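So the sequences go chain by chain: A and B.
Under our numbering, think of the first position of the first sequence as 1, with each following residue one higher.
Under our numbering, think of the first position of the second sequence as 1, with each following residue one higher.
Hints may be right or wrong, so weigh each one.
As the list claims (entries may be wrong) - Derived DSBU-like pairs (lysine-lysine); straight-line CA-CA distance at most 35 Å:
#  : chain 1 : residue 1 : chain 2 : residue 2
1  : A       : K139      : A       : K237
2  : A       : K197      : B       : K52
3  : A       : K36       : A       : K64
4  : B       : K52       : A       : K337
5  : B       : K52       : A       : K391
6  : B       : K52       : A       : K248
7  : B       : K52       : A       : K329
8  : A       : K64       : A       : K149
9  : A       : K119      : A       : K64
10 : A       : K22       : A       : K52
11 : A       : K410      : B       : K269
12 : A       : K350      : A       : K238
13 : B       : K235      : A       : K260
14 : A       : K130      : A       : K36
15 : A       : K391      : B       : K267
16 : A       : K237      : A       : K197
17 : A       : K350      : A       : K260
18 : B       : K52       : B       : K163
19 : B       : K52       : A       : K260
20 : A       : K248      : B       : K165
21 : B       : K14       : B       : K128
22 : A       : K22       : A       : K240
23 : A       : K117      : A       : K237
24 : A       : K237      : A       : K149
25 : B       : K14       : B       : K269
26 : A       : K260      : A       : K51
27 : A       : K197      : A       : K329
28 : B       : K235      : B       : K93
29 : B       : K163      : A       : K350
30 : B       : K93       : A       : K329
31 : A       : K329      : A       : K130
32 : B       : K17       : B       : K235
33 : B       : K267      : A       : K410
34 : A       : K139      : A       : K248
35 : A       : K237      : A       : K350
36 : A       : K117      : A       : K149
37 : A       : K248      : B       : K269
For the record, the hints were derived by calculation from the structure and aren't laboratory data.
These figures come from a predicted structure and were not determined experimentally.
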Amino acid sequence: MFKLQFVILIFTFLLGTSLRAKTIEVCATCEVKSIKDGIVLASDHDTLLIKKGTYKEFNIVIDKPLTLLGEEFPVIDGEDKGEIITIISDNVTVDGLFIINVGTSYITDFAAIRVVKSKNFLIQNVVLEKLFFGIYLEKSQDGRIFHNKIIGDAVEEFNSGNGIQLWYCQNIEVEQNIVQHVRDGIYLEFSDDVIIKNNTSSNNVRYGLHFMFSNNDIYEGNTFENNGAGVAVMFSKKIKMLNNSFKKNWGTASFGLLLKEINDAEISGNSFEENTIGMNIEGSNRITYANNEFIRNGWAIKVRGACYTNSFVNNNFLYNSFDISYNSKLNDNVFQKNYWSDYTGYDLDKDGIGDVPYRPVKLFSYIVNRTPETIILLRSLFMDIIDFSEKVSPVFTPDNLLDTMPLMRKSE
Amino acid sequence: MPLRLYQSRRQMLKILKYSFYDLMRSRWSYVYFLFYLALGFVLLFLNNDLSKAVITLMNVIIVLVPLISTIFGVMYFYNSKEFTELLLAQPLKRTSIFLGQYLGVAGSLTMSLVLGLGLPFVLYGLFKSDAIWDFSLLLITGAFLTLIFTALAFNIAISNENKIKGFGYAVLLWLFLAVIYDGLFLLSLIVFEEYPLDSFSLAATMFNPIDLSRTLILLKLDISALLGYTGAIFKSFFGTNLGLMISISMLVLWTILPIWRLAYKSKRKDF
């Protein structure tokens, strides 16, 4: 026992002298009064302990591997002058800061924290308010954005920035963040192998999450609520969207999830609740939609065209005004073993699967697709009658678009 | 108030009262009342959510209320024909006879509707819910539809001696306004889809009381975001106070015109 302690003592001693990692305290009454001075004084792998207080600084450049640790959320006030923290070194940690008043510019994308071409960074427990861009990652790798809170005050799209933006990044984890009232809550462009997990993105001016040209990403367990238009995933491959919740994206041009040119994705376990359009799919192929719930949406799924070899299995469609809308007579997608709350068939052999196939596309939804003005006849008796006659003998809707094995009970 | 006018109003009230109690005695009002009462309770029992129940109720109101009012109006007019002829032999003003009867029927139907639907909703906590405005609008349009379709039914009945013909026309009228009109509307929307159709569809909705009621209620419910661009135009029209005033006055016009024709016809008809 004594020996072990001795060894540890020696070891720490050696380690301490070899790395010389020390802690520099920053506060109004300390030797070091500003964060910038602290960074100049610090050597590699030091910790800057920033004590409670207000620091009016901007353009803080972290150019060596440091840890910025805030004690009781010190405030860094940029006074709307520009970017606040820029990280250009590997192995940087930023923890526990409260950053406000990022400058707004129409030429440069000022961010509260920007990471440029760096690796192994960690940004956690940071609170951002009154910002333009929040956390902006640029050509960086192997980082983690964890448990931050970003609350903007965006009103218009053109003069606001995104909460968390990833541009040409690889292998990043974005976890447990809360993003509100910015333009796009989380924005990814050309970023691969990113995991976005358990975030809450709500009340944003445009999208809760916006994905462009990013492949092999996973997002799961996130909540997207009451955003301007919902979540948009475009031009990406091999994305997994699991167990997210899309809620209350309600407005004339809103949707829960928009897919455009998405191939080979997996979408399962998500819930879409009270969106004008639950899911809007365009040019997306070879996607598996399983175990999702569509509850009380205007349109549960709107298929715009050029969508082939998709399969919809084990989903629950509950009380949507329209379950599925199609704009062509061609169908190459498979619907099987879903539960449809509008299903009126029977199950004589009691195996839980309805004996009569269900046709999810109503004639009315076909007509509305052709002539949008006709939506004004929603819920009129005439529409119910022609929907019924189309159900009995389909003429206009794709006749092979049917769920041959509709479930009698909600799938769990 | 001039004596004659006062007298004729008293006569009308008397006949109104008579028709009203006559209907009460005949139990049809109770049946109608109990039907709505049961409907209200069942709906609320099944989904317990006031605003959802309002939507389901809308479907019922815009279909059933006109149908029942039409059939009931025609039936009552033909049934009480002998009594009407008896009244005509008395020194009574013709308008007060017919208007009294009309108001008696329409009044008792409206009362059954409002009480029958109102009671369950009030018991389930309507006053504490935000659905109260939607619900009041629902009842107001329901009441208007009753007044309108009873008046139309009386018009049909007074113009047709033949009962079968009268019933036929009444059912046809309901069928036209509830179903065929929408069909024609839809057709014209599809045929002329190349043209801007917003003002047309606004006007077309205005000219059918059933469509007007449906649109009014739909736009009040949050379902309106579904309507997309067309909905936005409708909302900017019906959503404003001016739009609401115009649509209510349209409903009033729909009520007054048939009543006026009824009064006009009744003065000239040879019995």
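Hints, verified against the model:
The straight-line distance between the Cα atoms of A/K139 and A/K237 is roughly 20 Å, inside the 35 Å bound, and the hint therefore holds. About 34 Å separates the Cα atoms of A/K197 and B/K52, which keeps this hinted pair within 35 Å; it holds. Proximity of A/K36 to A/K64 is assessed by CA-CA distance (about 12 Å); at most 35 Å being required, the pair is judged to hold. In summary, the hint linking B/K52 to A/K337 is supported, as the alpha carbons are separated by about 28 Å, within the 35 Å threshold.
Note on B/K52 and A/K391: the hinted pairing holds, with a Cα-Cα distance of about 25 Å set against a maximum of 35 Å. For the proposed pair B/K52 and A/K248, the alpha carbon gap of about 16 Å is at most 35 Å, so the pair holds. Between B/K52 and A/K329, the direct Cα distance comes to roughly 33 Å. Compliance with the 35 Å bound is thereby established for this hinted pair. With a CA separation close to 25 Å, the supplied pair A/K64 and A/K149 stays within the 35 Å bound.
Taken as a hint, the A/K119 and A/K64 pair is honoured in the structure, with Cα atoms around 12 Å apart against an allowance of 35 Å. For the proposed pair A/K22 and A/K52, the alpha carbon gap of about 20 Å is at most 35 Å, so the pair holds. Between the alpha carbons of A/K410 and B/K269 the distance comes to roughly 63 Å, so the proposed pair goes past 35 Å and is violated. Our distance criterion of 35 Å between C-alpha atoms is broken by A/K350 and A/K238, whose separation comes to about 38 Å.
Proposed proximity of B/K235 and A/K260 is supported: the alpha carbons are some 30 Å apart, at most 35 Å. Simply put, A/K130 and A/K36 have alpha-carbon atoms about 22 Å apart, close enough for the 35 Å limit, and the pair holds. Taken as a hint, the A/K391 and B/K267 pair is broken in the structure, with Cα atoms around 51 Å apart against an allowance of 35 Å. For the proposed pair A/K237 and A/K197, the alpha carbon gap of about 19 Å is at most 35 Å, so the pair holds.
About 40 Å separates the Cα atoms of A/K350 and A/K260, which puts this hinted pair outside 35 Å; it is violated. The suggested pairing of B/K52 with B/K163 is violated, with an alpha-carbon distance near 41 Å, which exceeds 35 Å. Only pairs whose Cα atoms come within 35 Å are accepted, and B/K52 paired with A/K260 is accepted, the gap being roughly 33 Å. With a C-alpha separation of about 52 Å, the suggested pair A/K248 and B/K165 falls outside the 35 Å cut-off, and the hint is violated.
Of the pairs offered as hints, the one joining B/K14 and B/K128 is violated, with about 39 Å between alpha carbons and a cut-off of 35 Å exceeded. Our distance criterion of 35 Å between C-alpha atoms is broken by A/K22 and A/K240, whose separation comes to about 43 Å. Between the alpha carbons of A/K117 and A/K237 the distance comes to roughly 24 Å, so the proposed pair stays at or under 35 Å and holds. For the hint linking A/K237 to A/K149, the alpha-carbon distance of about 29 Å falls within 35 Å, and the restraint holds.
Proposed proximity of B/K14 and B/K269 is supported: the alpha carbons are some 22 Å apart, at most 35 Å. Taking the CA atoms of A/K260 and A/K51, the gap is near 47 Å; set against the 35 Å cutoff, the hint is violated. Of the pairs offered as hints, the one joining A/K197 and A/K329 is violated, with about 38 Å between alpha carbons and a cut-off of 35 Å exceeded. Between the alpha carbons of B/K235 and B/K93 the distance comes to roughly 46 Å, so the proposed pair goes past 35 Å and is violated.
For the hint pairing B/K163 with A/K350, the CA-to-CA distance comes to about 52 Å; that exceeds 35 Å, so the pair is violated. Between B/K93 and A/K329 the alpha-carbon distance is near 65 Å, which puts this suggested pair outside the 35 Å criterion. Proximity of A/K329 to A/K130 is assessed by CA-CA distance (about 50 Å); at most 35 Å being required, the pair is judged violated. Pair hint B/K17 plus B/K235 does not hold up; C-alpha atoms about 41 Å apart against a cutoff of 35 Å.
A distance of roughly 64 Å separates the Cα atoms of B/K267 and A/K410; the hinted pair therefore is violated under the 35 Å criterion. Simply put, A/K139 and A/K248 have alpha-carbon atoms about 34 Å apart, close enough for the 35 Å limit, and the pair holds. Among the hinted pairs, A/K237 with A/K350 is inconsistent with the structure: their alpha-carbon atoms are about 41 Å apart, more than 35 Å. A C-alpha spacing of about 24 Å is found between A/K117 and A/K149, which places the hinted pair at or below 35 Å, so the restraint holds.
With a C-alpha separation of about 60 Å, the suggested pairing of A/K248 with B/K269 is violated against the 35 Å cut-off.
Hint violations for this structure: numbers 11, 12, 15, 17, 18, 20, 21, 22, 26, 27, 28, 29, 30, 31, 32, 33, 35, 37, all remaining hints satisfied.
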